[in-house]
Structure formats: structure tokens, C-alpha cells
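For reference, the chains in residue letters:
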Amino acid sequence: MTGDPIYTEMIIEYSKHPSNFGEIENPDISQHDSNPLCGDSIDLQIKINENKVSDIKFKGKGCSICIACTSVLTELVKGKDLDEVKKIEKNDVLGELGLEHLIRTSPVRIKCALLSLKALKYGIYSYFIEKMKDEKSAGNLKEEATNLY
Amino acid sequence: MTGDPIYTEMIIEYSKHPSNFGEIENPDISQHDSNPLCGDSIDLQIKINENKVSDIKFKGKGCSICIACTSVLTELVKGKDLDEVKKIEKNDVLGELGLEHLIRTSPVRIKCALLSLKALKYGIYSYFIEKMKDEKSAGNLKEEATNLY
Amino acid sequence: MQTALSLETIRKDFPILQRKVRENKLLVYLDNASTSQKPIQVIDAINDYYKNQNANIHRAVYALAEEATEAYENTRTKIAKFLNVQKREEIIFVRGTTEAINLVAYSWGRQNVNKGDIIVTTEYEHHSNIVPWQLLTKERGAKLEYIGVDDNGELILDQLDSYLETGKVKLVTFSQMSNVLGTITNTDEIIKRCKKVGVKTLIDGAQSVPHMKVDLSKLECDFFAFSAHKMLGPTGVGVLWVRKEVLETMQPFHGGGDMIREVHKYETTWNDLPYKFEAGTPNIADVIGFSAAIDYLNKIGMDNIRNHEIELTKYALDKMSKVKGITIYGPKDIAKRGGVISFNFHDVHPHDVATIIDKDGVAVRSGHHCAQVLMERLDVAATNRASFYVYNTKQEIDALIGSLNKVAELFKL
Amino acid sequence: MQTALSLETIRKDFPILQRKVRENKLLVYLDNASTSQKPIQVIDAINDYYKNQNANIHRAVYALAEEATEAYENTRTKIAKFLNVQKREEIIFVRGTTEAINLVAYSWGRQNVNKGDIIVTTEYEHHSNIVPWQLLTKERGAKLEYIGVDDNGELILDQLDSYLETGKVKLVTFSQMSNVLGTITNTDEIIKRCKKVGVKTLIDGAQSVPHMKVDLSKLECDFFAFSAHKMLGPTGVGVLWVRKEVLETMQPFHGGGDMIREVHKYETTWNDLPYKFEAGTPNIADVIGFSAAIDYLNKIGMDNIRNHEIELTKYALDKMSKVKGITIYGPKDIAKRGGVISFNFHDVHPHDVATIIDKDGVAVRSGHHCAQVLMERLDVAATNRASFYVYNTKQEIDALIGSLNKVAELFKL
Ligand SMILES: Cc1ncc(COP(=O)(O)O)c(C=O)c1O
Ligand SMILES: Cc1ncc(COP(=O)(O)O)c(C=O)c1O
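Residue numbers (my numbering), protein chains in the order written: chain A, 1 to 149; chain B, 1 to 149; chain C, 1 to 413; chain D, 1 to 413.
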């Protein structure tokens with residue numbers, strides 16, 4: 001089985017020993033997502049300090065692709081500015097694991113790989129929207145708010 | 001078009017000049033029926049005297065097969081004892097018009113041909129049932145009632 | 001036909017047109033408003049699916065299932081494009097127009113229609129655009145009202161205005177083309193008047209989509225329904241399109257597999273659009289067959305189809321009006337009608353007409369065409385109806401005329 | 001197989017079994033509980049219909065329409081016979097099990113289930129036998145209760161008794177065979193207990209009818225639902241059977257063509273059974289395809305199919321239990337289970353298993369199998385599931401075992 005294009009040592013390692021697994025107290029972002037057609041289920045938690053991801057953890061059940069990709073994603077995100085986090089893309093995650101080919105070869109499994117990225121983006125955007133509301137109600141400038149996008 | 005197995009002179013005649021077309025005052029049986037999948041619609045009215053069909057008339061819109069068969073049926077039934085009317089069958093009607101073959105050749109048109117027979121039977125049975133109820137409530141013997149069937 | 005494909009080439013694609021019926025008569029199929037015939041490309045697509053790809057979709061990771069899912073979802077995209085719809089999640093697969101309209105009545109209707117509200121339909125609707133609203137309005141204590149049909153077979157739009165003025169109308173629902181009269185509804189005008197007062201609109205596109213270009217980005221309706229089987233596709237598939245803003249507010253209709261996100265014992269969350277409205281194993285093979293039908297229509301071009309039918313209809317109206325004892329219904333103006341011609345012979349019942357001409361292999365529909373309200377309006381029990389499609393020819397119309405003359409003769413008209 | 005047909009002959013009838021997938025691997029199709037493959041006889045029947053008979057049914061008098069109507073209605077009769085049903089009008093054609101159950105929930109349920117009433121289902125149901133009842137009970141202010149599953153994968157019938165004792169149960173609904181555990185439900189016992197207190201029963205036969213003889217004249221349930229696509233038939237067709245006394249009391253579900261007798265503007269009367277429940281153009285071609293599937297099953301014999309699957313299941317259970325790190329779910333006793341085997345590898349996710357063995361051409365299902373309530377009960381996110389049918393062989397099970405061993409190796413179990 002050497003050269004399996006998906007189940008590399010790295011993926012199996014991550015799936016057995018995921019990074020940033022666990023929970024955060026009083027997270028600023030809590031995002032749940034699941035893959036409706038299988039059973040992958042992820043809870044992301046993020047702590048934000050001065051517009052930076054000061055901590056990120058996840059819990060959940062998922063296949064090795066899902067767990068490995070989530071691990072990589074949390075590593076990528078941790079410590080980064082929200083502006084940078086906004087810019088993270090599919091291939092940033094897939095690339096780390098050599099899984100870019102999944103987009104082409106497995107339209108089904110790609111969903112496992114990208115579940116956590118979807119949750120992250122959703123969580124971040126919701127956070128921005130909440131912020132915008134706060135800022136609006138606090139009477140702040142509209143431009144400032146839209147910057148959050 | 002000589003020898004058309006359905007549209008014989010007789011059928012076309014009947015359809016243009018149906019027998020017993022019209023209405024009866026105070027009928028004992030009034031039965032409506034329609035062919036749900038086309039648009040044939042028949043109203044049969046029957047007057048009963050001493051267990052005999054003293055008069056029968058019909059109104060309705062229908063194809064020539066339906067009208068011809070209804071005409072024939074009313075002719076067959078008029079003046080007959082209800083016991084005999086109960087026994088009238090498909091082929092009694094179809095036979096008069098040379099349409100027995102329809103059962104085999106046209107499962108759809110056969111419904112036009114037999115619509116009035118169905119209405120007649122339904123009307124007669126309903127009449128019997130009403131009678132049975134009357135007789136029951138009048139305390140008559142059960143056997144007598146079931147004779148009506 | 002002004003197309004890359006000649007009529008002759010097209011006819012060769014439809015195996016059934018080679019068939020002999022009754023006493024060795026070549027089939028002349030003129031009941032296209034009821035259901036269309038299928039080109040070999042559609043038949044082969046279904047075949048190929050079962051021989052090479054068959055698997056349940058959306059839920060498995062193995063090769064076949066991935067292929068089947070892709071083919072199924074590509075059809076959705078193709079249909080979106082065909083109707084010029086930007087958001088593919090607005091396309092919901094159903095069994096046909098009837099299920100589509102019932103879905104709206106149950107899901108949207110029961111949420112939005114209340115006591116005293118009015119639903120407006122028309123006198124020339126198919127039963128599938130009347131009965132669901134009778135059921136709904138009865139349940140909700142609401143009222144069903146009808147836009148009348150004038151003697152030219154067109155809707156009397158003034159009546160719409162008087163309903164709208166009550167302020168109680170929740171939905172106006174109508175066919176874009178009458179399946180009996182062939183009348184093309186003044187759709188833009190109805191929608192404009194409804195939009196002005198914020199009333200939702202549903203278009204029954206069962207007769208329009210197969211025969212003319214429909215651009216949903218231009219029509220500003222909220223719901224649109226049609227059936228594959230009337231447009232070269234298989235039986236058992238249809239489409240409900242719902243504007244996303246509206247779809248997002250709708251509760252699910254059928255519960256079951258695939259329409260859920262997470263099921264727990266006592267509560268459940270719904271899947272994304274459009275899956276929320278596609279419970280259970282869908283009709284996968286026929287959706288894929290439908291895809292081939294859309295390809296076929298695109299290859300010919302919807303405008304060419306419309307032009308071909310205009311030509312046939314003109315020809316037929318001209319010849320038919322000369323048959324003894326005939327009455328023809330619907331608009332006189334060819335621009336206002338599709339390729340559907342309803343007619344009657346004086347007092348000869350349509351079923352008799354159909355049976356007689358069937359002996360020559362000519363298939364027309366006779367009956368109430370699931371439009372009994374219109375039959376009452378026309379004061380007839382039934383009509384005969386000839387309806388055309390891409391593969392019909394003038395010779396076939398000549399055959400029809402020949403047979404109709406026989407009817408006139410037999411009944412001494 | 002103890003039948004006139006050898007396994008070899010049978011396999012030749014299924015074109016897809018010749019197919020190569022992924023890197024030139026012969027397909028080993030073990031996802032039959034999800035959908036079955038189709039024999040050439042079924043594919044040809046659909047083909048033939050479109051090439052020779054296609055027409056809309058019930059409503060026209062010309063030759064094609066008569067032929068199509070007859071073929072469609074003959075299928076109804078054939079299915080009645082297959083299930084040993086005396087009254088063919090009790091057979092309603094729907095899209096599949098999901099639509100069948102929803103029809104009951106909407107039509108019977110909304111008439112009969114009221115505030116405080118209880119509907120009982122089970123922990124091993126498919127979502128299609130849970131979600132419609134969640135929707136219904138929520139709407140009606142009623143309650144949904146579950147019969148639990150014991151550690152052997154069987155229903156805990158004592159719990160049924162405690163629900164029945166409340167006197168508030170309106171319906172007990174359950175699958176005759178679990179699509180995850182393979183458990184064959186003690187159907188007679190449940191129905192007996194329900195009948196004693198006059199409670200209606202619905203059987204989800206999606207997994208049972210394809211794999212064993214079902215005799216509806218002996219089962220005394222009130223509703224029975226199943227799908228053609230799991231029993232060699234096409235997608236898009238299923239059956240709802242309802243006992244006539246019950247069916248006669250039910251209000252229509254979908255409104256539209258064919259389900260009516262007479263439509264007037266403000267009131268409408270319904271057609272006879274079963275047409276009252278078949279609104280709109282049905283999936284004619286696939287009903288006719290289904291007919292060929294029933295013929296095929298009859299030719300092999302349902303008892304032979306059951307025996308073949310028992311043999312395969314025994315063989316598979318024996319070999320699989322020796323694979324490193326594997327857990328197998330469901331009853332140990334072969335008489336209590338169908339040809340469905342769910343399993344997991346320790347902490348390896350089922351999707352990973354499925355993807356790895358798919359590379360060898362082996363197709364098994366992985367996921368929650370639309371049974372999330374059961375997944376919660378088993379305390380797993382998902383399982384792998386291999387399921388067998390008439391055409392599967394011991395060699396194919398060997399191929400599965402080979403691939404499973406690779407998984408164990410790769411994940412160092
Ligand atoms: C037990 C059971 N019930 C219901 C269903 C749903 O059947 P369908 O998707 O054909 O509606 C299935 C199949 O997926 C099943 O296995
Ligand atoms: C205008 C119109 N609406 C609705 C329908 C119903 O379509 P289906 O029977 O495919 O559901 C038809 C076709 O019969 C139709 O002509």
C-alpha cells in the first residue's frame with residue numbers, strides 16, 4: 001500500500017494524534033458543523049484577542065481526512081490575524097497534506113476535507129456580523145463596519 | 001366505411017335519436033354517474049310500481065356508444081320486474097348493438113358502453129338497501145329483506 | 001425547421017414513429033400536450049445509466065455512487081442554465097407538475113394562507129392547478145377565485161384587478177399556456193400587476209417550457225412548475241423552481257432521508273437547499289434521462305421549435321376549418337397560441353371522433369383534458385385535441401384531415 | 001442457489017457486473033441495501049416501452065394509450081399477486097418508501113392524530129420512518145415515542161407494551177428489517193399486541209420485500225410501504241399498500257389530474273381507489289419496468305433468494321469476524337437477520353474504510369445509513385455496511401475480506 005494517494009503516513013498520524021483537540025473556556029467563536037450525508041461532526045472553538053486568533057481547538061467525530069484537515073487548519077490559523085484568516089483557501093489546507101487531487105478525484109470525500117474550513121469561515125463571518133451590529137448600534141461609521149468583511 | 005365494427009348505422013341512429021330521453025316526475029330512483037376520465041355523464045330516472053319498472057328515462061352528455069347503450073338499456077328494462085332487472089348483464093346490452101367485441105378490443109371505450117348499466121345497478125341496489133332499512137325499522141322479517149338482494 | 005437538424009433526421013431519432021398501430025397503420029402521434037415521445041438519446045441515457053453507473057446518490061464514497069451523484073447534480077445545473085436561473089439550489093426535482101404544485105400548496109400554502117385569504121387561479125387551468133388549491137383553501141378557511149376566459153379563449157384580466165383590490169390575495173397561480181385552447185397567457189402583465197401589490201405568483205409551465213423559450217431571470221414569478229415527460233424526457237420527473245428568498249422561508253414537505261442535516265429522537269435539523277425538499281431516493285435514472293432531453297432540445301433550439309409549431313399550427317388551422325361541421329376553440333391570432341388545437345364536431349362526441357380516426361393510426365386526445373372547469377365554461381362535455389411537437393409534419397396533419405373528413409361523412413354532417 | 005437459474009446465469013443478466021471501476025478493478029457491488037442493480041430484462045422493458053408504447057394512461061382512446069394503460073394496470077395486479085393481496089385497488093403507486101410513509105402521515109395522520117396522542121416508532125428506523133412522524137406529531141401536538149434496541153440489535157418489545165397501556169397510541173410504525181443491523185423484526189408479535197388494543201400498524205418493507213417472501217394476507221398490518229429500486233426495479237417507483245377499510249376513510253393527499261371524478265369550481269368529487277391517491281401523470285415507464293423486476297424475482301423464487309443470502313451472510317460473518325480490529329453489529333443468530341452486515345474498525349472512520357476498499361473495486365456503504373437515531377444508540381458516528389443480493393458470490397466476499405485486511409494493515413490495527 002505504499003504510495004496510497006490519500007492515506008499517507010501523515011494523514012494516519014494526524015487522525016490518531018490530532019492537533020489542537022479539545023475545548024476552550026469562554027470562546028469568542030463557537031461553530032458546529034456536520035456533513036449531512038455521512039456523520040462527520042465538528043465543533044470549532046476560537047479565542048480572539050486584539051483581532052488575532054489567540055487560541056483554537058476542536059472536538060468532534062470524523063474520518064481521518066476530516067480530522068487531519070481540521071488539525072492542519074487549526075495549525076494554520078493559530079496566532080494569525082483575522083485579516084489573514086479570512087484569506088485562507090481550500091488549497092492551503094489540502095496542500096499541507098498533499099490532497100489537492102481530491103477536488104478532482106473525489107467530489108464526495110472533498111466534503112470531509114473541507115468541513116472544518118467551512119465551519120471556520122462561517123464562524124468568522126458570524127463573528128464579523130455580530131461585531132458590525134455592535135458597531136452599528138454603537139453608532140460607528142459604516143465604512144469601519146464593512147471593513148470587517 | 002362500410003363494416004365499421006363500432007360505428008354501425010344502428011349506433012349512429014341511436015346517438016342521434018336516443019330512446020327514453022328525458023325526465024320523470026317524482027322518480028323512485030335517480031342515479032347520476034360519470035366517466036371520471038373522459039366526460040360522459042348520465043342521469044337515470046326510474047319509476048317503480050308494484051316491483052316493476054313502470055317508467056325509465058335518462059338525460060346526459062355522452063359519446064354515441066354511451067348514448068346508444070343507454071338507449072338499449074332503457075328499452076330492455078322498461079316494464080320489467082326488478083328481479084329480472086337485477087339479472088341484466090353486460091352482454092345483454094352489448095349484444096343488442098353487436099358490441100361484445102369491445103370488451104376485448106377497447107378496454108377504454110367499454111367503459112362508455114357500460115356506464116349506464118353501472119348507474120342502473122347502483123341505483124337499483126341503493127333502492128333495495130333503502131327498502132331493507134324501511135322494512136327493518138318496520139320490524140319485518142330478515143329473510144324478506146335479504147330477498148331484495 | 002431552421003436548424004442544423006432536418007425534420008427527417010429528427011424523426012429518425014424517435015423509434016416509436018416507425019411503429020405500426022391498429023390495422024398496420026403508421027402511427028401519427030398528435031397527443032403531445034399529454035406526453036411527448038422520446039428520442040433514442042434519452043432512451044439510451046437511461047439504459048446506459050442502469051448498465052454502467054447505477055448507485056444511490058449523495059450518500060456513498062465508492063466510484064459508482066460518485067459518478068451517479070455527479071450525473072444527477074449536473075442535470076440540475078443544466079436545467080438551471082436552460083431556464084437561465086442563476087442559483088441551482090432553486091431547482092427541486094419532483095415527479096411532475098402535479099407534485100410541484102402540491103408541494104407549494106402544502107409547504108408554502110399552509111404556512112401563509114389563512115382564514116379569509118384569497119388564492120386566484122383561472123378558468124383554463126389543468127386540475128393540478130385547481131384541486132390542490134381547493135384542498136388548501138378549504139383547510140385554511142380561505143377562498144379560491146377564478147379569472148374568467150373570454151370568447152376568444154383569453155383571460156379576462158380586469159377580474160384579476162378586482163380580486164387584487166380586496167387586499168386579501170396571497171397567490172395568483174396560472175398556466176403559461178392552456179393545455180386545451182393553446183392560449184399563451186399574458187404572463188408579464190399578470191406578474192406586473194401582482195408584484196405591484198406584493199402578491200406572489202405561481203406559473204404552471206407544463207405546456208410552455210416544452211414549446212418555447214422560458215427565461216426565469218426575466219419572468220418575475222415566485223414559483224414555476226413543469227414535467228419532463230412533456231418535453232422529450234422520461235415519465236416520473238419534473239421540476240419545481242422557487243425563488244430563493246421564498247424557498248428559504250418554506251418548511252419541508254416530505255420527511256425522510258437526504259432532506260435532513262441531523263436527526264435526533266425529538267428534533268431534527270434540515271439539509272441545505274434544494275435537498276431539504278428532496279426526501280428519499282429520487283428518480284435518479286430518469287433525472288439523468290431528462291438531461292439528455294434538455295441536450296436534445298438545446299441542439300434544435302427552442303426558438304426553432306416554436307417556429308416549427310407555428311408553421312404546423314397555421315397549416316392545420318387553415319385545413320381543419322374547412323372540414324364539415326367542425327368547431328375550433330381558442331384564439332384566432334397565431335401569435336397568441338401554441339401548437340394545441342381543440343375542436344368538436346357539432347354534436348358528435350369527441351370519443352367517437354378519436355376512436356374513428358384511431359383506426360387510421362391517428363392519435364389525438366379526446367375528453368376533458370383534466371380541465372373540467374374550462375369544459376363548463378365552454379359548455380361542452382369534452383373536446384378533441386390535436387397537439388404538435390418537433391417531430392410532426394404537414395403530411396401528418398394531412399392524415400388527420402383525411403380522417404376527420406371520414407367522421408363528417410359517417411355522421412352525415 | 002436452489003433454483004432453475006444458476007448464479008452464473010443470473011450474473012450474466014446484470015450488465016453492470018461486467019464493469020471495471022477505478023484502476024481497472026472488477027466491480028464488487030455490496031451496497032444492495034441502498035439500491036440494487038438491474039437485470040437486462042428490466043432495462044429492456046423500459047426501453048421497449050419508450051420505443052413502442054409510450055403514451056399517457058387512463059385518459060385516451062387511441063391504441064398506444066390503451067396499451068400503456070393496460071401494461072401499467074397489469075403491474076398493479078402483478079404486485080397484488082406478489083404480495084398475496086386480494087384487492088388490487090389497495091396498491092398505490094408512489095415514488096418510493098419515503099413518499100409512501102409521508103402520504104400516510106399527511107392523509108391518514110392529519111385526520112386521526114390529535115393532541116396528546118402517541119405514535120410509536122423504533123430506534124432502528126430509517127429517517128423516512130421517523131421524520132414524517134416528527135413533523136406530524138409536532139403539528140398535531142402529539143408525541144413520538146421509540147421502542148428501544150437491545151445489545152443484540154433486537155427491539156425491546158416490553159417498551160411497546162408500556163406505550164400501548166397508555167391507551168393513547170394511534171399508530172405503531174416499524175421496519176420489517178433494519179437497514180443497518182439486518183435484524184428481522186418480530187412483526188407478527190408487534191401486530192398481535194397492537195391489534196389486541198385496536199392500534200393501527202405500518203410496516204416499512206423497504207428492506208424485507210426484496211429479500212424474503214412477504215404475504216400481506218397473513219400479516220395483519222394496515223399500511224405497508226416499499227421501493228422498487230431495492231428489488232431489481234427502476235428508481236422512482238414504490239408502493240403503498242393500505243387495507244381497504246382504512247383507505248376508504250382517507251382524504252386525498254395530492255390534488256390533480258386522474259384523482260378526481262368531477263371537478264367544479266368550488267367543489268370536487270374523488271375518483272375510485274386507488275386512483276384517488278395517484279394524482280398527475282405517474283411514472284409509467286418505471287412502473288412497467290418494475291413489472292419485469294417482479295417477474296425476475298418470481299422466476300428465481302423469494303425463498304431461494306432468502307436461502308442464498310443466508311448462505312452468503314453466514315460465510316461473510318465467519319470470515320469477517322477474523323479480521324483484525326473489527327466490530328460487527330446486529331444479531332448473532334442467522335435466522336434473525338437478513339443479508340446486511342454493519343461493522344467498524346476500532347477507531348477508523350467508516351469513510352476511510354470505504355475509500356480504501358473502493359480502490360479495489362469493492363463498493364460498500366459507509367455513513368449513518370439514514371439512521372442517526374440508531375447511530376446515537378450504538379454510540380458511533382457511522383458504520384460500514386456490506387449488503388448482499390441474488391447476484392453476489394462467495395468470491396466477492398473473499399474480495400471484501402482481502403480489502404478489509406489491507407485497512408487493518410494500513411491503520412496498524
Ligand atoms: C428501511 C428503509 N426504509 C426506507 C427507506 C427509504 O426508501 P426510499 O429512499 O426508496 O424512499 C430505506 C432505503 O433507503 C430503507 O432501508
Ligand atoms: C397545463 C398543465 N398543467 C399540469 C399538468 C400536469 O402534469 P403532470 O401530469 O405531469 O403532473 C399538465 C399535463 O397534463 C398540463 O397540461
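The set of hints was computed from the structure by calculation and includes no laboratory data. Possibly wrong hints are sitting among the right ones.
To be verified - In silico DSS-like cross-links for lysine-lysine, where the CA-CA straight-line distance does not exceed 27 Å:
#, chain 1, residue 1, chain 2, residue 2
1, C, Lys359, D, Lys78
2, A, Lys57, A, Lys90
3, A, Lys59, D, Lys412
4, A, Lys16, D, Lys406
5, D, Lys51, C, Lys20
6, D, Lys78, D, Lys115
7, C, Lys265, A, Lys61
8, A, Lys16, A, Lys57
9, D, Lys412, C, Lys299
10, B, Lys16, C, Lys412
11, D, Lys78, C, Lys51
Hints and how they fare:
For a cut-off of 27 Å, the pair hint linking Lys359 of chain C to Lys78 of chain D is broken: about 30 Å separates their Cα positions. Restraint check for Lys57 of chain A and Lys90 of chain A: satisfied, since their Cα atoms lie roughly 19 Å apart, inside the 27 Å limit. Pair hint Lys59 of chain A plus Lys412 of chain D holds up; C-alpha atoms about 24 Å apart against a cutoff of 27 Å. Between Lys16 of chain A and Lys406 of chain D, the direct Cα distance comes to roughly 18 Å. Compliance with the 27 Å bound is thereby established for this hinted pair.
Restraint check for Lys51 of chain D and Lys20 of chain C: satisfied, since their Cα atoms lie roughly 12 Å apart, inside the 27 Å limit. For the proposed pair Lys78 of chain D and Lys115 of chain D, the alpha carbon gap of about 40 Å is over 27 Å, so the pair is violated. With a C-alpha separation of about 19 Å, the suggested pair Lys265 of chain C and Lys61 of chain A falls inside the 27 Å cut-off, and the hint holds. Restraint check: the Cα-Cα separation between Lys16 of chain A and Lys57 of chain A comes to about 16 Å, which is no more than 27 Å; the hinted pair holds.
Under the criterion of a C-alpha separation no larger than 27 Å, the hint pairing Lys412 of chain D with Lys299 of chain C is inconsistent with the structure, at around 55 Å. About 11 Å separates the Cα atoms of Lys16 of chain B and Lys412 of chain C, which keeps this hinted pair within 27 Å; it holds. Distance check on the hinted pair: Lys78 of chain D and Lys51 of chain C sit about 25 Å apart at the alpha-carbon level, within 27 Å; holds.
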